[in-house]
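Peer 1: Given chain G, put chain X in place with the hints provided.
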Amino acid sequence: MPGTEGRLAAVHFYYLLKGDVEELHKLWSALTGSAPRPAAAEPGFLEEGNAGEGYGGCRVVHRVESGDAGVCLIDLPDLAVIEVSYPAGDGSPEEVWRAASGAIEAVRTRLLEQVSGVFGETTMLVAPAVAAGNEKLNVGIEQPAAAAATAAENMRAAAGYAGPVLSANLIPGTIPDAAAAGPLLLAHFPGQSRGGRDYYAVAADDPAAFIDNVFPVMDSLIKKLVRTASYFEQQRQTIASERSEVDREVGSLLHRQVVGSAAAASMPEAAGASADSGAASLESQINALSRMFGMLATDSLLIRQSTESMAGDIKLLQGEFARMGKQGGNAIGDHYLNRFNDDLAEAKAEAEKLEFARRNAQAAIEVVRTQVEILRAGEEAVIQQQSQEILSRSLVLQKERLALQVAAGFIEFVLIFYYVLKSWEGIAGAGTFDHISRLVRFIVVGGFSASAAMGTHYLAQVLQRDSLKSRGLWISVAVLVLSAAAMVMLTVAYE
Amino acid sequence: MDVIRLMEEAIEEERRAHEKYKQGAEAAADPETRSLFEQLARMEENHERMLRDRLSALKLIKGDR
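If you read the protein sequences in the order shown, they are chains G and X. This note's numbering applies: residue 4 is where the first sequence begins, and numbers increase by one. This note's numbering applies: residue 98 is where the second sequence begins, and numbers increase by one.
Isolated chain X, as found in the complex:
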């Protein structure tokens, strides 16, 4: 499978996961669960950023601009 396509799909999955955890944090009644969801949301956001950085570098190198 094309790596760029794979990365784009992975970014979309990370974004969805981030949204889901954000909703979880908003819906959580107790502070500990809210804190857990917020932490997970931050992690997914970091993953998404890492993937985006790598994807843009790959696109620049491969000339897919």
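Okay, chain G solo, but in the shape it has when bound:
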């Protein structure tokens, strides 16, 4: 820790997301008065360091001195931390802390006007293990079980903080990289926490390793969990409201289905009359239910992400507190872990309710779909019946048409027969015509008339089909021509 060969008065931590490179550079430049090296590249900036992977993924990558303060860049798994250490001047602990707090406030007020992407902050007061006028604090470290609370209370009062004090007594030797710290007391003032800023106090003979390597890991996990838990709580409330709405809609829809089915069973005529509008209404209900189902599926995914993310971070935080040990009770760990576990339990309960609502919506979709199928089956039966009626009517019409055709053909035959016979007689003359046998006349004129009547029938068919392929037509034409030729030849022969 730069400039801290003497004792420290306070440390202020600025946490930023590692992705907010520009803000990180801006903050570093504002604190140190120099551009970061390498100048612009984030990976280089965070990789340029003098330490490998440290405790809990924590790694100090830059250290510089800026005036009296030491500025240090720490790389964490998700966040980057800029730690500013303020050395203790002369005076009583109260005076030292007051001066350091004033310096911190002056710097952060100036900085936060320039940098807006700070994820969270922590102010930590550092108490010397041996401090004039602070005997109770030493007692607290040596006998943490009972006297730690008194020591922490002294620090709280000296710092002017209100609200409860939570403390954790760390066992020397159990924390890697912090073993040299010796007995160490950490106190937290959760009542002071506002807008992502927290307050702690630490007392130890040499707290440097703890401040650089252990505390940022624990504090960053708490900050991340507070932020994500708050986000998930807002999501959960919105999702719970959506789920209640879907539950209400599904319940009301199923109720309408049941009541509607009972009414239709008691009044089949009325049900049949509204079959068309019923099918359209059911289709729109299926669409509405499908939308709700989609919404619930998306909500389920969000809640699952929430619980997984929180469960992972809670496990890491549990690990951190476990490493610190539980001598005298770890009130800070209990405070936060209980809070986050409650949030996680609520998220899990909401996930179960969502799953139930999703199943309900699915069941409602099946119910409505079955109704649509029943309605469609009924409609198909009606359509089949109507088709059969149409076919029967068509058959009757066809028979009537055939009878009319036969009648029309017969009339046509008689008319042609009469007029052809009269025309032949007129053309051939009465003398010639009388010489021709009556049977021959009947056969020839009958053949002509019949072929003319049949020919017109076949011609009509040919015109309808747009094709000259008609055997009947050609036979009729042939008989017609032969009959006409016979009339000519007979007339000539008997003249």
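Worth flagging that the hints you see were computed from the coordinates, not collected in a lab. As the structure is a prediction and not an experimental result, all values here were calculated from the model. Backbone N, C-alpha and C define an ideal beta-carbon position, used for all residues, glycine too. Certain hints may be false.
Computed Cβ-Cβ distance ranges for the label pairs, DEER-style [claimed, not checked]:
{"#": "1", "chain 1": "X", "residue 1": "Asp99", "chain 2": "G", "residue 2": "Ser390", "range": "30 to 36 Å"}
{"#": "2", "chain 1": "G", "residue 1": "Gly322", "chain 2": "X", "residue 2": "Ala124", "range": "52 to 58 Å"}
{"#": "3", "chain 1": "G", "residue 1": "Ser255", "chain 2": "X", "residue 2": "Met147", "range": "31 to 37 Å"}
{"#": "4", "chain 1": "X", "residue 1": "Arg131", "chain 2": "G", "residue 2": "Ser255", "range": "26 to 32 Å"}
{"#": "5", "chain 1": "G", "residue 1": "Gly297", "chain 2": "X", "residue 2": "Glu116", "range": "18 to 24 Å"}
{"#": "6", "chain 1": "G", "residue 1": "Asp337", "chain 2": "X", "residue 2": "Glu116", "range": "42 to 48 Å"}
{"#": "7", "chain 1": "X", "residue 1": "Arg131", "chain 2": "G", "residue 2": "Ser244", "range": "36 to 42 Å"}
{"#": "8", "chain 1": "X", "residue 1": "Arg131", "chain 2": "G", "residue 2": "Gln308", "range": "43 to 49 Å"}
{"#": "9", "chain 1": "X", "residue 1": "Gly121", "chain 2": "G", "residue 2": "Asp71", "range": "52 to 58 Å"}
{"#": "10", "chain 1": "G", "residue 1": "Thr112", "chain 2": "X", "residue 2": "Thr130", "range": "25 to 31 Å"}
{"#": "11", "chain 1": "G", "residue 1": "Ser37", "chain 2": "X", "residue 2": "Glu142", "range": "26 to 32 Å"}
Cross-link-like lysine to aspartate or glutamate pairs, in silico, EDC-like; alpha carbons within 20 Å at most [as the list claims (entries may be wrong)]:
{"#": "12", "chain 1": "X", "residue 1": "Lys117", "chain 2": "G", "residue 2": "Glu116"}
{"#": "13", "chain 1": "X", "residue 1": "Lys156", "chain 2": "G", "residue 2": "Asp316"}
{"#": "14", "chain 1": "X", "residue 1": "Lys119", "chain 2": "X", "residue 2": "Glu129"}
{"#": "15", "chain 1": "G", "residue 1": "Lys318", "chain 2": "G", "residue 2": "Asp81"}
{"#": "16", "chain 1": "X", "residue 1": "Lys156", "chain 2": "G", "residue 2": "Glu311"}
{"#": "17", "chain 1": "X", "residue 1": "Lys156", "chain 2": "G", "residue 2": "Glu25"}
{"#": "18", "chain 1": "X", "residue 1": "Lys156", "chain 2": "X", "residue 2": "Asp99"}
{"#": "19", "chain 1": "G", "residue 1": "Lys425", "chain 2": "G", "residue 2": "Asp437"}
{"#": "20", "chain 1": "G", "residue 1": "Lys29", "chain 2": "X", "residue 2": "Glu129"}
{"#": "21", "chain 1": "X", "residue 1": "Lys159", "chain 2": "G", "residue 2": "Glu116"}
{"#": "22", "chain 1": "G", "residue 1": "Lys29", "chain 2": "X", "residue 2": "Asp99"}
{"#": "23", "chain 1": "G", "residue 1": "Lys21", "chain 2": "X", "residue 2": "Glu105"}
{"#": "24", "chain 1": "X", "residue 1": "Lys156", "chain 2": "G", "residue 2": "Glu26"}
{"#": "25", "chain 1": "X", "residue 1": "Lys156", "chain 2": "G", "residue 2": "Glu236"}
{"#": "26", "chain 1": "G", "residue 1": "Lys21", "chain 2": "X", "residue 2": "Asp150"}
{"#": "27", "chain 1": "X", "residue 1": "Lys156", "chain 2": "G", "residue 2": "Asp81"}
{"#": "28", "chain 1": "G", "residue 1": "Lys356", "chain 2": "G", "residue 2": "Glu236"}
{"#": "29", "chain 1": "X", "residue 1": "Lys156", "chain 2": "G", "residue 2": "Glu124"}
{"#": "30", "chain 1": "X", "residue 1": "Lys117", "chain 2": "X", "residue 2": "Glu145"}
{"#": "31", "chain 1": "G", "residue 1": "Lys29", "chain 2": "X", "residue 2": "Glu109"}
Counterexamples of contact, computed for chain G against chain X with all Cβ distances above 10 Å [said to hold, decoys possible]:
{"#": "32", "residue": "Leu20"}
{"#": "33", "residue": "Gly120"}
{"#": "34", "residue": "Gln240"}
{"#": "35", "residue": "Ile289"}
{"#": "36", "residue": "Asn290"}
{"#": "37", "residue": "Ser312"}
{"#": "38", "residue": "Glu403"}
{"#": "39", "residue": "Phe436"}
{"#": "40", "residue": "Val482"}
Peer 2: What follows is chain X alone, placed relative to chain G:
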């Protein structure tokens, strides 16, 4: 459009609006107008903070760190 990008743009707009209202408060001659501008500036600041909190939570969850 990407929600994170959208939120970043919204934050920038809130910040600009906050600056504008702050300038308005400084320029206002009468106390009532100054008070109105100050109130609006505070509102924009709150919006910006809400958006920033949400954005950082989204980035943490989505792993954009």
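Peer 1: Against each hint, give a clear statement of whether it holds in the structure.
Peer 2: Evaluated hints:
1. For the pair aspartate 99 (chain X) and serine 390 (chain G), the supplied restraint of 30 to 36 Å is violated, since their beta-carbon distance comes to about 56 Å.
2. Judged by the Cβ atoms, the range 52 to 58 Å given for glycine 322 (chain G) and alanine 124 (chain X) holds: they are separated by roughly 55 Å.
3. Checked against the hint of 31 to 37 Å, the C-beta distance between serine 255 (chain G) and methionine 147 (chain X) comes to roughly 35 Å, which is consistent with it.
4. Taking 26 to 32 Å as the suggested C-beta distance range, the pair arginine 131 (chain X) and serine 255 (chain G) does not conform, at roughly 53 Å.
5. The hinted window of 18 to 24 Å between glycine 297 (chain G) and glutamate 116 (chain X) is violated, with their beta carbons roughly 41 Å apart.
6. Between aspartate 337 (chain G) and glutamate 116 (chain X), the C-beta spacing of about 44 Å keeps the proposed range 42 to 48 Å intact.
7. The hint said 36 to 42 Å for the Cβ distance between arginine 131 (chain X) and serine 244 (chain G), and at roughly 40 Å that hint holds.
8. The supplied range of 43 to 49 Å is met by arginine 131 (chain X) and glutamine 308 (chain G), whose beta-carbon atoms lie about 46 Å from each other.
9. Separation of glycine 121 (chain X) from aspartate 71 (chain G) is about 39 Å and departs from the stated range, judged on CB atoms against 52 to 58 Å.
10. Checked against the given bound of 25 to 31 Å, the beta carbons of threonine 112 (chain G) and threonine 130 (chain X), roughly 27 Å apart, stay inside it.
11. A hinted range of 26 to 32 Å for the beta carbons of serine 37 (chain G) and glutamate 142 (chain X) is consistent with their spacing of about 30 Å.
12. Restraint check for lysine 117 (chain X) and glutamate 116 (chain G): satisfied, since their Cα atoms lie roughly 15 Å apart, inside the 20 Å limit.
13. Our distance criterion of 20 Å between C-alpha atoms is met by lysine 156 (chain X) and aspartate 316 (chain G), whose separation comes to about 15 Å.
14. In summary, the hint linking lysine 119 (chain X) to glutamate 129 (chain X) is supported, as the alpha carbons are separated by about 14 Å, within the 20 Å threshold.
15. The suggested pairing of lysine 318 (chain G) with aspartate 81 (chain G) holds, with an alpha-carbon distance near 16 Å, which does not exceed 20 Å.
16. For the proposed pair lysine 156 (chain X) and glutamate 311 (chain G), the alpha carbon gap of about 16 Å is at most 20 Å, so the pair holds.
17. A hinted pair counts as satisfied when its Cα atoms are at most 20 Å apart, and lysine 156 (chain X) with glutamate 25 (chain G) qualifies at roughly 16 Å.
18. For the hint linking lysine 156 (chain X) to aspartate 99 (chain X), the alpha-carbon distance of about 12 Å falls within 20 Å, and the restraint holds.
19. Under the criterion of a C-alpha separation no larger than 20 Å, the hint pairing lysine 425 (chain G) with aspartate 437 (chain G) is consistent with the structure, at around 12 Å.
20. Simply put, lysine 29 (chain G) and glutamate 129 (chain X) have alpha-carbon atoms about 36 Å apart, too far for the 20 Å limit, and the pair is violated.
21. With a C-alpha separation of about 28 Å, the suggested pairing of lysine 159 (chain X) with glutamate 116 (chain G) is violated against the 20 Å cut-off.
22. Taken as a hint, the lysine 29 (chain G) and aspartate 99 (chain X) pair is broken in the structure, with Cα atoms around 26 Å apart against an allowance of 20 Å.
23. As the CA atoms of lysine 21 (chain G) and glutamate 105 (chain X) are separated by approximately 16 Å, the hinted pair is consistent with the 20 Å bound.
24. A distance of roughly 15 Å separates the Cα atoms of lysine 156 (chain X) and glutamate 26 (chain G); the hinted pair therefore holds under the 20 Å criterion.
25. A threshold of 20 Å between alpha carbons decides the hint, and for lysine 156 (chain X) with glutamate 236 (chain G) the separation of about 17 Å falls inside it, so the pair holds.
26. With a C-alpha separation of about 15 Å, the suggested pairing of lysine 21 (chain G) with aspartate 150 (chain X) holds against the 20 Å cut-off.
27. Taking the CA atoms of lysine 156 (chain X) and aspartate 81 (chain G), the gap is about 10 Å. The hint holds against a cut of 20 Å.
28. With a CA separation close to 15 Å, the supplied pair lysine 356 (chain G) and glutamate 236 (chain G) stays within the 20 Å bound.
29. With a C-alpha separation of about 18 Å, the suggested pairing of lysine 156 (chain X) with glutamate 124 (chain G) holds against the 20 Å cut-off.
30. Between lysine 117 (chain X) and glutamate 145 (chain X) the alpha-carbon distance is near 14 Å, which keeps this suggested pair within the 20 Å criterion.
31. The hinted pair formed by lysine 29 (chain G) and glutamate 109 (chain X) meets the criterion: a straight-line CA distance of about 17 Å does not exceed 20 Å.
32. Listed as outside the interface, leucine 20 (chain G) is inconsistent with that label: its C-beta sits roughly 6 Å from the nearest C-beta of chain X, within the 10 Å cut-off.
33. Not every CB of chain X is more than 10 Å from the CB of glycine 120 (chain G) (nearest about 7 Å), against its label as outside the interface.
34. With a least beta-carbon separation of about 14 Å from chain X, glutamine 240 (chain G) lies farther than 10 Å from that chain, consistent with its non-interface assignment.
35. Against the 10 Å criterion, isoleucine 289 (chain G) stays outside the reach of chain X, whose nearest CB is about 30 Å from its own CB.
36. Non-interface status of asparagine 290 (chain G) relative to chain X is upheld: no Cβ of that chain comes within 10 Å, the nearest being about 27 Å off.
37. In this structure serine 312 (chain G) is not separated from chain X by more than 10 Å, as the shortest Cβ-Cβ distance comes to only about 6 Å.
38. At roughly 71 Å from the closest C-beta of chain X, the C-beta of glutamate 403 (chain G) stays outside 10 Å, upholding its exclusion from the interface.
39. In this structure phenylalanine 436 (chain G) is separated from chain X by more than 10 Å, as the shortest Cβ-Cβ distance comes to about 102 Å.
40. No beta-carbon of chain X comes within 10 Å of the beta-carbon of valine 482 (chain G); the shortest separation is about 85 Å.
Hint check: violations occur at hints 1, 4, 5, 9, 20, 21, 22, 32, 33 and 37; the rest are consistent with the structure.
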